[in-house]
Each structure stands twice: as C-alpha cells, then as structure tokens.
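Engineer: Sequence:
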Amino acid sequence: LEIATLYEFREGESLSSQDVRKGASSMAGLLATAIRDCLEADAAMINSGAVRGEKIYDGVVTFADLRRECPFPTEFVVVPMPSAVLQDAVLSSRGAWPSEAPEALQVDSGVEISTGTVRVREEVADPDRLYSVACDVYDLAKNPVLKDYCERHPDRIPPADAGRPALPILVEFFCGEMWKQLVDAHEQDSEDHTAEAERRKMEHLFALFDYDHNDQLCAKE
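Numbering (this note's numbering), first residue to last: 450 to 670.
Rather than coming from a laboratory, the hints here were simulated on the basis of the structure.
Please note: incorrect hints may appear among the correct ones.
Distance ranges between label pairs, derived from CB positions [as the list claims (entries may be wrong)]:
1. E621 x S465: 22 to 30 Å
2. H602 x F655: 37 to 45 Å
3. F655 x G544: 46 to 54 Å
Taking lysine-lysine and the PhoX-like style, the derived pairs with C-alpha atoms no more than 20 Å apart in a straight line are [to be verified]:
4. K629 x K596
5. K471 x K504
6. K471 x K591
Glycine included, each C-beta is placed from N, C-alpha and C at the ideal position.
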C-alpha cells in the first residue's frame, strides 16, 4: 500500500512541497484543492505547518507520499464565511513571507487573494455571499481572524468532532482521479465531458472489468 501510486502528473505539471512555509506551494495547493472537492466546498485552506513532505515530486504521488505530507490527524470542517474573512485570514497568516511562517495558510487552485482582489472558484468573489470554506479545526482556534469570526458567529461553526481527517479525504480524492484517468484513457475520442457523459463512461469501464456481471469488482477482477 505504501508504494501504491495515487496520482500521476498531467503533461507539464510539477509539484513540490519544499519551502512550503516560505511561500505558495504547488503541492499544498493541490492538497487544498483535493479537500475542497471532496468536501464539496467553494474553497479550502490548509496550514503550511501541516504539509511536511519537503519534497520535489517526479511524475507520481504515492500513498507513502501523502502520509509524509500530512502525518497529523488534522480534522477539516466546512464553515460558511464571507470572502473578506477568507482574505483577511490568509493575508494576515502570510505576513512573514518570504521568511518562514509555519502558520501561513495555503489555498486551493480556484482561490486568488491579494490586497485588493479575492477570487473563489476562479471568479471574483461576491462580498455579500457566504462561501463554504473547508478549514482545519486547528486554524479556526489559532488564526486570529478565524478565531474572531468563530466567536462572533458560533452558530455557523460545526463541532470539531464533526470534521474529517485530512489523509482519508486525500486518498478518496486521488483514487477518484485515478479512476478518471482510466476513463479518459478508455474514452479518448469522446468530447462530451458533461456529468451525465462522465457517469456513462464510468459505467462502461466498470462493466468491462465486471467479468461475472454481478455489479461488484472483486480483487481478482
């Protein structure tokens, strides 16, 4: 299991978690994106100090890599918050960059934050909207901006024991990505990428492996 490949790079992709405490990290961004998608949130943040691999990757990510990157039993919950809180929490946490800042928050691939701009899911954020943001319960208690928000809006904060650990979330995401790659390789000529088309492709691929047609895949299959 340790050497099982969970992710293969796309063409032109590179990943690194080196110096994650000193600036934006491609690996931390991918981990945040995985958490966002698995928890069906609008955005996700991950603490730089919780990303521990310090590795430049070469082509694949294994289960052992994920364990090294996220060794702590970090729990994530989804919290509704305005984009201004997301912006302030991230910017304030990164104040020491490019010096080391273990509490700095990394964000998913759809989030862009600067002093004057916030984008969520690659779109300019609506200042009046509450966005669902996946957060580490540790950061909710330790980041001054998030802590203040939680104290002012306790009704919006899920209980800490309602969270999900980071590692199982990441394994779920990367296994799903491997299935998508199998489907895409099998259906190379298809240009239909709607949700319904993707569902049909998956069912077709599943049927190819299900030799005994019992709607289940055993280890042999």
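Engineer: It remains to establish, for every hint, whether it holds in the given structure.
Structural biologist: Do the hints match the structure? See the list:
1. E621 x S465: 22 to 30 Å: holds (23 Å)
2. H602 x F655: 37 to 45 Å: holds (43 Å)
3. F655 x G544: 46 to 54 Å: holds (49 Å)
4. K629 x K596: violated (38 Å)
5. K471 x K504: holds (14 Å)
6. K471 x K591: Given that 20 Å is the threshold and the Cα spacing comes to 19 Å, the pair holds.
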